[in-house]
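Following the hints, complete the assembly by docking chain B onto the known chain A.
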Amino acid sequence: MRLRPSRSTILVLAVLVLAVAGLAHGASLLILPWRSDHDAFARVAALTATTDRATLDPAGPDAPPFADPAMLTAVCRFDLRAKPFRLSLTPLADRFVTIGFHSRHGLAFYGLTVRAADATRFDLVLTDTPTARSEAEPDAGNVVVATPEPDGFVTLATPLGEGSNREAAEDRLNGVTCHGDTGP
Amino acid sequence: MNRQQPLFSIAAAPSRRSLDPSRWARGSLLTLAALGAVVLGIALGLMLTAAAVRSDAIGTRRIGPWRVFTDVGTPAIDPYLRARMALNGAVPLAAAQGLTAVAQRDSDGHGLDGRCSYRLSGTMPPAQFWTLEAANPAGRPFDNRAGRQSFASDDVLWDGSGQTVIALSPIATAGNWLPLPGSGPIAVVLRLYDTALTTGTAGREAAWPMIERLGCP
Chain A
3 MRLRPSRSTI LVLAVLVLAV AGLAHGASLL ILPWRSDHDA FARVAALTAT
53 TDRATLDPAG PDAPPFADPA MLTAVCRFDL RAKPFRLSLT PLADRFVTIG
103 FHSRHGLAFY GLTVRAADAT RFDLVLTDTP TARSEAEPDA GNVVVATPEP
153 DGFVTLATPL GEGSNREAAE DRLNGVTCHG DTGP
Chain B
99 MNRQQPLFSI AAAPSRRSLD PSRWARGSLL TLAALGAVVL GIALGLMLTA
149 AAVRSDAIGT RRIGPWRVFT DVGTPAIDPY LRARMALNGA VPLAAAQGLT
199 AVAQRDSDGH GLDGRCSYRL SGTMPPAQFW TLEAANPAGR PFDNRAGRQS
249 FASDDVLWDG SGQTVIALSP IATAGNWLPL PGSGPIAVVL RLYDTALTTG
299 TAGREAAWPM IERLGCP
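Those protein sequences? They're chains A and B, same order as listed. In my numbering, each residue carries its 1-based index in the first sequence increased by 2. In my numbering, each residue carries its 1-based index in the second sequence increased by 98.
Just so you know, these hints were derived from the structure itself, not from any lab. A quick note: this is a predicted structure, and the numbers were derived from the prediction, not measured. Any given hint might turn out to be false.
[Said to hold, decoys possible] Computed, partial: chain A to chain B, Cβ under 7 Å: (1) L15; (2) S30; (3) A42; (4) A47; (5) T50; (6) D70; (7) A72; (8) G108; (9) F111; (10) F124.
Every residue, glycine too, gets a C-beta built ideally from N, C-alpha and C.
Excised from the complex, chain A in its bound form (with noise of 0.2 Å):
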């Protein structure tokens, strides 16, 4: 009984394996955002359980790495399946709050920063389809972002700064308002 296998025999499990390989890698890397615990997300979720809106402490057991502790940020979450998603933002005194949009499984969507500058209230709405865009579009000084997916949360983050300067930092974060609440 001869049992040695061939070369062909080889070299089509080495394809196999290799095909395979190839498919569990790609398979991985594309589900990975989809399954992780552990994401932005989640880090988020475990900061506003009860409320939309937290103050990030960067030195926190629960916060993000690499979160800037020069940047006083506060985080508030959007789930558009609940309700509707509102950003509305008076004009600053001073500095700049720069806000960036994420959506629940890692893609950081949209980002601007208001500066002092940009004397203007203006409020910003989330939409994930196209009809709420149309019908949101007439209202004057509103600007539309489709979102990729349903749930994320924004990033609302301006300077620190040092010593009495936290207070007009807060006062910054508290002029964004989510879903019309009144900050942290």
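Chain B in isolation, oriented as in the chain A frame:
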């Protein structure tokens, strides 16, 4: 009887083949080998993913000692970097917010060490506001007695030429001093807020500060 012989032979032939021990053994071995190849392939693929998402180089562009996160703040984020961030939970700056650069080596290529003293100097890339932080390689700030974890563009002391000089050291230093923890590897994180640098060129056209090692104990 003679007429039945061929019929008997034809009917018996498949049965003989299926009971052929060498053919049966070869088929079973091939099936086992194919299953083994699939398992090995899955293991290799997952190991490759684990190794790739651990790499600091993925999704970044190297400029001097800095690794600049070029497309992290856009929907066109590198899939390897997206997977890495899904595991570590970092929140990137969106492209319109700014750019982040991380240095884990000095300008000569040596790993940054919390016991050593460094001099960060040069022109900062153009930005409305920048911050510079010393953190551990996982992106966590250090506790330090001086209570300073970062510098920002509006609290740094400038020299007359518009250059920035910041001392990074575990030993208190006059001027702009960013305390280091005194042990272990460190990362220096530079964030450029509201910068005119685009993600496409990723700041190659701009000047970036260098990091020189002054000494180690």
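A quick look at each hint next to the structure:
Contact between L15/A and chain B, as hinted, is supported at the beta carbon level, the nearest pair being about 5 Å apart and thus within 7 Å. With a cut of 7 Å, the hint placing S30/A at the interface with chain B holds, because the nearest CB-to-CB distance is about 4 Å. For A42/A, the interface hint holds, since its Cβ comes within 7 Å of a Cβ in chain B; the closest pair sits about 5 Å apart. For A47/A, the suggested interface contact is broken, since its CB lies about 11 Å from the closest CB of chain B, more than 7 Å.
Restraint check, T50/A versus chain B: the minimum CB separation of about 13 Å is more than 7 Å; hint violated. For D70/A, the suggested interface contact is upheld, since its CB lies about 6 Å from the closest CB of chain B, less than 7 Å. The restraint placing A72/A at the interface with chain B holds, with a minimum CB-CB distance near 4 Å, inside the 7 Å limit. Taking 7 Å as the C-beta cut-off, the interface hint given for G108/A holds, the closest approach to chain B being about 5 Å.
At its closest, the beta carbon of F111/A sits 6 Å from a beta carbon of chain B; the interface hint therefore holds under the 7 Å criterion. Below 7 Å, beta-carbon pairs count as interface contacts, and F124/A has none with chain B, the closest being about 15 Å; its hint is therefore violated.
Of the numbered hints listed earlier, those contradicted by the structure are 4, 5, 10.
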